[in-house]
Amino acid sequence: MTEQAERLTLTPEQYVEAQNSPEFTELRRRFRRFAFPMTVVFLSWYLLYVLLSTYASDFMSTEVFGNVNLGIVLGLLQFVSTFLITTLYVRHANKNTDPIADKIRDELEGGQNA
Amino acid sequence: MSGSPYALPAIIVVTVATIGIGAYGLRFSRTTSDFLVASRSISPGWNASAISGEYLSAASFLGVAGLVMKYGADMLWYPVGFAAGYLALLLFVAAPLRRSGAFTLPDFAEARLGSRTLRRWSVFFVVVIGWLYLLPQLQGAGLTLRTLTGAPYWVGAVVVGVVVTVNVANGGMRSITFVQAFQYWLKLTAIAIPAIFALIVWQSGGFADLSGAQSPTFDEQTEVRVDTAVTVVVAESLTLSADGNVDGGDIDGPATWGAGEHQIAAGTVLVFPDGAAVPHVSGLPALSGQTWATPLGSGGASPDHPIFATYSLILATFLGTMGLPHVLVRFYTNPDGRAARRTTLIVLALLGVFYLFPTLYGALGRLYTPQLLITGQTDAVVLLLPGAAIGGLLGQLLGALVAAGAFAAFLSTASGLLVSVSGVLSTDVMGRGTVRDFRRAATVAGVVPLVVAAQIDRLDVSQVVGLAFAVAASTFCPLLVLGIWWRGLTDIGALAGVLAGGALSLSAVLITVLGGELDGWPGVLLAQPAAWTVPVAFAVMVVVSRATASRVPPNIGRTMLLLHAPESLGLGRGTPD
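Here the protein sequences come in this chain order: A and B.
Residue numbers for the first sequence, in our numbering: 137 to 250.
Residue numbers for the second sequence, in our numbering: 1398 to 1974.
Next comes chain B alone, as it looks inside the complex (with noise of 0.2 angstroms):
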């Protein structure tokens, strides 16, 4: 397993345009407000690519196939929710968010309840959630640069780690709004064109079937090398060659395993025989193609509750996106309402788009890198394809590309986190807001994450991202939609809501994090908490605030009008257009 000799060069290409791109925009940022929220100055398109390069994050980038290659079509619902997570901010927060005049979630929180405690609160939970989807940006990094130079893990997280950090304490939301919209547009690129020499090798092979009776199988005499210690179940016994450590016991040549399970150890190297049935990694099943192409036909990642796992994930997607703290400040680069609903809609197509791809890539992986589903790494799959699957020159040229791509996808999304966690930092925690201050949490906001990251290594990218969405639909959520929709909403009832969300969501988050598997309802119930954590927070909300109704604010109608009156009415702090 590793990569283009042309995969390096491609990343440093990718990171140096970044920092220059960033250099450039800096010439442009002079104010804190400049800095924040680009003065609301860009137009619709160049608005749309920067968000959705901004969204597309390692999740997105090799999480998606990587659950693809796994699981099969269930899968579909993390790009589905996280497109449809636009939809439900449209419709029910952007405009009325972007007329209360509110920066940033807390500011919103204090200006619609006018509690000073609730503001620390939401600054709490942006910045967790902000970390909690910083974290696989990092891992994916370091996962991209171990695959394809063998370079130890830590390494690429620490490199993503500390551009991000100096360009955006350098650079500042303007000179972001130019890189991310450079972003997408990489990214896009770098999917899409090795996919599509994959399908035309995939074609001229006779369109090798991919949903038929058979588990995946090597196609041709495959070597693999562990790089984790790993258990495998053999499904039917099986005559290979390995150099290592195998069962606890050294071995240096050929070997029969029993069916069953099989430890190896760390550095094993082993040799596959052509049209030998690929053993998956333990907890794995082994899919046959018809199962694995069919929706739900395995129960994914949560086979004992399907249904409750796929709804949770739905939940989260779609309630999720309207809190986290990089998607929301984008829409203040609106000019008006007329240009954040084109922005939305430019986005939505952006992002159907470029999922297409990662899809292929899932399921083209099963034919030609199989070997991923014996360590589980399936992430990997998008950097490893091209080589696998073209070969040669072209392929490896094509794998470099890719590389770009996901380092494109990691840069981005970091930098929009680290934008928003910055922001709120350095105006709430760490001074007042200046530019000053912005720089110094910029580094703070960096540095935590980067620490964390270089600990764990086991997680599926797309599992962490999750669970941040999961927390985001659990607190920012119901905050947001009562606090604009419901006139009843207290400062006490809001708190007891995010509070209770946040503790029930980030809980089921560490356990699932650093606790390992949990079988059955408590597994699903901790692996995917949207599903409850959701309603609870609502209903707490809903029902402390009846309770106090005696605190709503007093001058709630006049609040109401200022976020649903029409920005053409030019009433309040928002901009007129």
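Okay, chain A solo, but in the shape it has when bound (with noise of 0.2 angstroms):
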């Protein structure tokens, strides 16, 4: 198969090093800032619904239009809050993380050709 022409050889030092890297441990700390705190306010804005729909019923119950309370608005928007997220996610990573990986992988590259 063509993975195994395309890939890098590395020896163990090489990865040490790619591993030690101020760019590898960035990359992994940028990862972690973002993923880290986004599921926390995402697990609470689920658990808050919960709590909102026992203890805030009359809340809940406020009719918004015709049939459709606030607790049916409030649950179809955790659709969209869950794609929301989703969608930061992927801009996250494709501006903040994926062009340090290329940088590393340059100076991979440019070490290995040396």
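None of these hints come from the bench; they were simulated from the model.
Don't take each hint at face value.
With beta-carbon atoms standing in for the labels, derived distance ranges [what the hints assert, rightly or not]:
id	chain 1	residue 1	chain 2	residue 2	range
1	B	ARG1948	A	ARG169	24 to 34 angstroms
2	A	GLU199	B	VAL1750	23 to 33 angstroms
3	B	VAL1940	A	VAL177	25 to 35 angstroms
4	B	ALA1626	A	LEU224	45 to 55 angstroms
5	B	TRP1582	A	VAL177	25 to 35 angstroms
6	A	VAL177	B	GLN1660	44 to 54 angstroms
7	B	SER1634	A	LEU224	52 to 62 angstroms
8	A	GLU199	B	ILE1953	56 to 66 angstroms
9	A	GLU199	B	ASP1640	35 to 45 angstroms
10	B	GLU1620	A	LEU224	23 to 33 angstroms
Covered stretches of chain A, going by a simulated chain B footprint (3 or more residues, C-beta under 8 angstroms) [claimed, not checked]:
id	segment
11	171-177
12	213-223
13	227-235
Reference excerpt, derived from the structure (chain A facing chain B, CB under 10 angstroms, subset only) [unchecked claim]:
id	residue
14	PHE160
15	VAL204
16	GLY207
In this text, a Cβ means the ideal position worked out from N, Cα and C, and glycines have one as well.
Relying on the hints, combine the two individually framed chains into one complex.
Here it is, written out as structure tokens:
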């Protein structure tokens, strides 16, 4: 398969070097800085909804229009928020982490060719 | 309760088309690698349609609407969780797992921790989860054919089981990708168009009240045939006519039922007058429109402890998706990380749009097919609503369309599951992963759930699916998350966690499925086990790994780099882009 031919082969030293490089550390930091807080936000929003449904049922049964109450609107918004968070993540990854990854690659390849 | 005369031909067309597309795809699949991951050469749009097509199972197509009709707005948690699980998967698991180069969950377990024992147990759980998830698909098929044609329950299960097994054994995954993508669009069309017509009917009827103070009533004289014996609760005494056996005595003619419970024997035909309140199957509370429309107004399926049950369900769906074997393997078919992210985004949009419709069916079902509350078999609401709400030739044609979509749902999800289960069986249990082994494994993987499915027709389709999610969240979720993000995980720790989570959640499943209903806390803890089994699995994994810290693999630094270095670095066994 073509995968084999394109693969970079690294010595153990190069692995360690790549792993300790500031770029790689930065890369993981940027990922974590985004993913972990976002997960907390997003789970809290879900759990909040459940609490609202239980303890603020008057609020949730406020009619918005026709037969549709606030509880249903917020429920459907959960889909929208899931989609929004994913969009944010995709943009974050394309803008903030992919360029660093390319940079690390360039350096490694430069090092190998030299 | 019978369906449209066009339903059967529509189902046959879908089934034949599925087989036809499978045969077409067959020409492309040559090597085993093609079979399993379609050579990673599928575009995000196709791939997202295929993932969604595969994911929208009987639970999504029939079950969500059924639950919404029965219990109300709380049941939106099932679809929200089904969709959100993809976000968790994308954020924490998808990219590192691809980079690990492992094709399946057992491959990952072995590559990360170097333990054959852990691998064998992973195989066991892949097969268990796959089968648990296959059951409701076959069950859905049985229910659909019985509702629409009056055929015995096992016929539908056998038809879907056999078609899918033969198709998978012959085509493998490449063909399945085309089939799945086709299925998503078919399912969306099939559920959306009748829903739009039903909405128009509802509008022309002046938007009959759904969230008012009344419980469901019949809006015309309605004949109901009871297929399986049932106990119903009547709120206020009512007069109707019955032909069959009620409360232990034969009857043929008018009857007056006092408030309280009444036993109706199988085969009894009841005719309710216009305006009568709908009796509910025993155990299902008769909700006023207002309670029904308020989230957690009724406490849903677990009225005693609704918060616990809902949190547990959220946890199971959010964390369980990553542990579903047929979902994970799909992410290998993306050429690189960027495509995988794009695919996920499209998947979420496709799922979000789809799930609007089952919700609508559940709501309108309370107006147009309230008789389903008598038997509690609300899973049939999607199938019966078009005929009941729209009526006439158009209603029958739309009913046939929905039936075709439902069959597409069973076929596509069952295919995806079968590919995963047979992939694992063929490499680990029944051979060395050759094409011939794959075919043999597919046969075994398809026949076992078929035999079981023929036995159970009592459970809600979504309930069984929820339990499969709980088992996945209690076993593979901790293994994947800790395996990818924590250096300190050891083989013994992982094994202990998987076994603890697996044993607890599986026991809960078996008791729920076989043992009937329990009240109070024990009932909730067993019916929605994820909220306690998932933390237990994580805790056991961490504590035992700490205790066996000397067994952390010596090359852990290298493995972690392999998992976390972006694809474009081209390190290790992943595919460079």
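Against the structure, the hints:
1. ARG1948(B) / ARG169(A): 24 to 34 angstroms: holds, 32 angstroms
2. GLU199(A) / VAL1750(B): 23 to 33 angstroms: holds, 25 angstroms
3. VAL1940(B) / VAL177(A): 25 to 35 angstroms: This hint holds: roughly 29 angstroms between Cβ atoms.
4. ALA1626(B) / LEU224(A): 45 to 55 angstroms: This hint holds: roughly 53 angstroms between Cβ atoms.
5. TRP1582(B) / VAL177(A): 25 to 35 angstroms: Roughly 33 angstroms apart at Cβ, these two residues keep to the hinted range, so it holds.
6. VAL177(A) / GLN1660(B): 44 to 54 angstroms: holds, 51 angstroms
7. SER1634(B) / LEU224(A): 52 to 62 angstroms: Holds - the Cβ-Cβ distance for SER1634(B) and LEU224(A), about 58 angstroms, lies within 52 to 62 angstroms.
8. GLU199(A) / ILE1953(B): 56 to 66 angstroms: About 57 angstroms separates the Cβ atoms of GLU199(A) and ILE1953(B), which means 56 to 66 angstroms holds.
9. GLU199(A) / ASP1640(B): 35 to 45 angstroms: holds, 43 angstroms
10. GLU1620(B) / LEU224(A): 23 to 33 angstroms: Violated, since GLU1620(B) and LEU224(A) (Cβ atoms, about 54 angstroms apart) do not stay within the stated range.
11. 171-177: holds (count 3)
12. 213-223: holds (count 8)
13. 227-235: holds (count 4)
14. PHE160: Hint holds; PHE160(A) Cβ to chain B Cβ min 7 angstroms, cut 10 angstroms.
15. VAL204: holds, 8 angstroms
16. GLY207: Cβ of GLY207(A) sits 4 angstroms from chain B, so the hint holds.
Going down the numbered hints, you'll see the structure goes against just number 10.
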